[in-house]
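Enquirer: Residue strings, one per chain:
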Amino acid sequence: MLPVDRANVDTDQIIPAHYLTGIETTGLGKYLFTGMTGGAALLEAHPGAAIIVSRENFGCGSSREHAAWSLADRGFRAVVAPSFARIFYENAYNNGIAPVIVDAARIDGLLQAKHLRIDLEKEVLFGEDGTEIHFTLDPLRKQFLLSGGYMAFLASKTGAVREWLRLA
Amino acid sequence: MSRSLFEKVWDAHIVESLPGDNALVFVDRVVAHEITTPQGALEIERKYGDKLFDPARIVAINDHVSPAKDTETAIQAKVLRDWAKRHGIVLYDIGKNGICHVVAPERGYVEPGMTLACGDSHTCTLGAFGAFALGVGSTTQGGAMLAGCLVLQRPKVMRITIDGRLQGGATAKDLALHVIATLGFKGGTGYVLEYAGSTIAALSMDERMTLCNMAIEAGATTGMCPPDETTFSYLRGRENQPTGDAFERNVERWRTLVADADATYDAEIALNVDNLRPMVSWGTNPGEAVPVDGAVPAGANDASLRYMDLSPGTALRSLALDQAFIGSCTNSRLSDLRAAADVLRGRTVSIPTIVTPGSQAVKRAAEREGLHDVFQDAGALWTHSSCGPCLGMSMGVLAPGARCISSSNRNFPGRMGTGGRVHLASPAVVAASAVLGRIGSPEELAPVAEAVPA
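Protein sequence lines, in the order shown, are assigned to chains F and V. Each residue of the first sequence is one higher than the one before, starting from 10 at the first, in my numbering. Each residue of the second sequence is one higher than the one before, starting from 19 at the first, in my numbering.
Calculated from the structure, these hints are not laboratory results. Quick caveat, the model's predicted, so the values are computed rather than measured. Incorrect hints may appear among the rest.
Covered by chain V, per the in silico footprint, the following chain F stretches (three or more residues, Cβ under 8 Å) [unchecked claim]:
| id | stretch |
| --- | --- |
| 1 | 80-91 |
| 2 | 115-129 |
| 3 | 134-143 |
Straight-line alpha carbon distances no greater than 20 Å define the calculated EDC-like cross-link-like pairs of lysine to aspartate or glutamate that follow [to be verified]:
| id | chain 1 | residue 1 | chain 2 | residue 2 |
| --- | --- | --- | --- | --- |
| 4 | F | Lys-166 | V | Asp-39 |
| 5 | F | Lys-131 | F | Asp-117 |
| 6 | V | Lys-174 | F | Asp-147 |
Estimated spans, in silico, between C-beta atoms of each pair [claimed, not checked]:
| id | chain 1 | residue 1 | chain 2 | residue 2 | range |
| --- | --- | --- | --- | --- | --- |
| 7 | F | Pro-148 | V | Asp-181 | 36 to 46 Å |
| 8 | F | His-124 | V | Gly-202 | 32 to 42 Å |
| 9 | F | Val-133 | V | Lys-69 | 48 to 58 Å |
C-beta: ideal position from N, C-alpha, C; glycine also.
Take the sequences, apply the hints, and build the full model.
Expert: Structure representation (structure tokens):
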């Protein structure tokens with residue numbers, strides 16, 4: 010678990026704009042948190058972490074999906090926080106990163122943990138001391154999270170959209 | 019049933035309801051720029067036979083780093099250019115481009131009642147027209163290009179009623195900073211901000227765009243202003259708009275896009291701006307702002323204070339500056355440049371000052387009025403149109419510790435360059451500060467001696 014003990018972790022801190030110059034969605038992990046004071050040291054101190062615990066308003070700011078791509082490329086599968094900015098929240102689901110919303114009062118305790126485990130299917134976060142925190146994923150976006158396919162889902166709707174447009 | 023402006027636009031675009039309070043929302047227009055479009059376009063090319071739902075609904079603009087600064091950004095521009103050409107998509111490129119949120123409306127691509135998506139968080143700017151304008155990620159934008167729709171959880175609606183007269187140097191930018199300071203940096207999360215009231219009715223389209231531009235800085239899904247005669251006049255006769263009866267028929271339809279008198283909202287706030295002062299941000303999010311003659315507040319967030327090298331009680335006017343920037347999708351339209359020029363006319367800047375028009379069309383209009391001479395006579399740099407220094411991507415990047423006053427929208431740590439410090443303000447306050455070399459307002463400047471004709 011990677012503790013990012015601050016609120017308002019914005020997308021410029023997750024990946025600064027000067028790394029947005031590519032056309033691919035892969036290989037961006039090396040830029041993760043390079044815009045955050047102490048970001049590189051934090052990552053080094055927690056090798057192999059797949060879950061981030063942070064505070065309010067995670068992912069605020071830019072629409073850059075590079076924020077989600079850089080997290081995914083670095084092996085992160087979930088961010089646990091009391092709240093998320095909308096665009097990051099959508100981008101996370103579309104890239105296999107679960108935005109796990111838990112009560113703000115739980116965050117202090119979670120930040121102290123060394124290892125957390127999450128069952129995305131069952132929507133449960135397991136603390137080190139055996140505590141279970143139940144959370145709720147968006148029932149539609151959960152499909153995108155577990156099996157990918159936001160684009161494929163929309164592609165399957167194209168006919169319905171054309172019919173809707175014809176009748177509109 | 020009575021409905022808000024947002025609900026009228028939303029209801030007219032729902033293709034179907036989806037689980038989890040989500041909906042499949044039809045997208046009338048996609049604005050595509052070179053930083054966030056190639057990824058989705060390439061996925062469509064690889065997996066979906068390069069088929070787009072309707073290329074005529076897309077407008078492409080090379081905007082963030084144009085002309086390219088290096089090989090990578092040149093490739094981004096080329097991918098957008100080749101893709102647009104292949105699909106017959108209109109492209110605004112070098113020579114006639116600019117910031118997408120400035121170019122799209124000035125070229126007539128934004129209308130009341132429209133849904134619009136773009137891979138850029140400041141797409142909310144275009145809610146000024148009474149459109150539902152949504153900033154989205156590349157995948158969501160790609161989905162809209164592929165299937166003509168997107169998935170969105172239905173947002174709540176907050177009505178923000180604003181009355182009173184903007185005076186004493188207060189502008190739409192100050193109003194935007196005041197709204198964010200009132201709501202808090204994430205106080206708008208989950209909401210569409212639907213603006214109402216006499217102050218909004220009196221704003222020009224440029225000013226409404228400035229206000230709506232910063233809805234995202236309160237975390238809001240977007241901002242919206244009710245369309246009215248100001249909106250219709252802006253669009254009448256504009257390129258890419260119909261003319262004559264066809265346009266007037268649209269106007270009749272657009273007139274219905276106002277909130278019903280007894281519409282209900284999920285949240286409501288009312289503000290009076292008679293006493294609003296020009297605002298300047300002191301911290302590391304746009305909600306951390308106070309009047310220009312104010313001080314860093316007691317109880318300010320430690321992390322913000324440390325990053326900005328400030329202490330509670332420090333007067334903003336005591337802060338020496340290293341750079342000034344006038345531009346960005348918030349404040350780079352002609353009226354913004356006029357406001358800055360009015361301050362700089364006959365004066366000299368004392369720190370490096372960059373003035374970047376929002377589009378080449380704005381640049382040419384400004385030059386027809388001689389504003390480029392005003393800026394350059396004052397010692398400022400007058401550049402081509404671009405996103406410019408706002409996001410630290412190309413020109414005007416700040417050195418660590420450098421302090422910049424900027425008419426842009428974000429003061430996040432590192433936003434304009436690693437370790438750089440950003441104070442947000444209106445174009446007039448940025449211009450005055452550029453003269454003073456410290457944060458200050460136009461009223462502090464000594465009068466300019468009038469030139470006496472020989």
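Enquirer: Look at each hint and say if it fits the structure.
Expert: Each hint, compared with the structure:
1. 80-91: violated (count 0)
2. 115-129: With 0 residues close enough to chain V, the hint is violated.
3. 134-143: Per the Cβ count (0), the hint is violated.
4. F/Lys-166 - V/Asp-39: Status holds; Cα separation ~18 Å.
5. F/Lys-131 - F/Asp-117: violated (24 Å)
6. V/Lys-174 - F/Asp-147: holds (17 Å)
7. F/Pro-148 - V/Asp-181: 36 to 46 Å: With Cβ atoms ~42 Å apart, the hint holds.
8. F/His-124 - V/Gly-202: 32 to 42 Å: Because 34 Å falls inside the window, the suggested range holds.
9. F/Val-133 - V/Lys-69: 48 to 58 Å: Violated, at about 41 Å.
Figure legend: structure checked against the earlier numbered hints; hints not met, in rising order: 1, 2, 3, 5 and 9.
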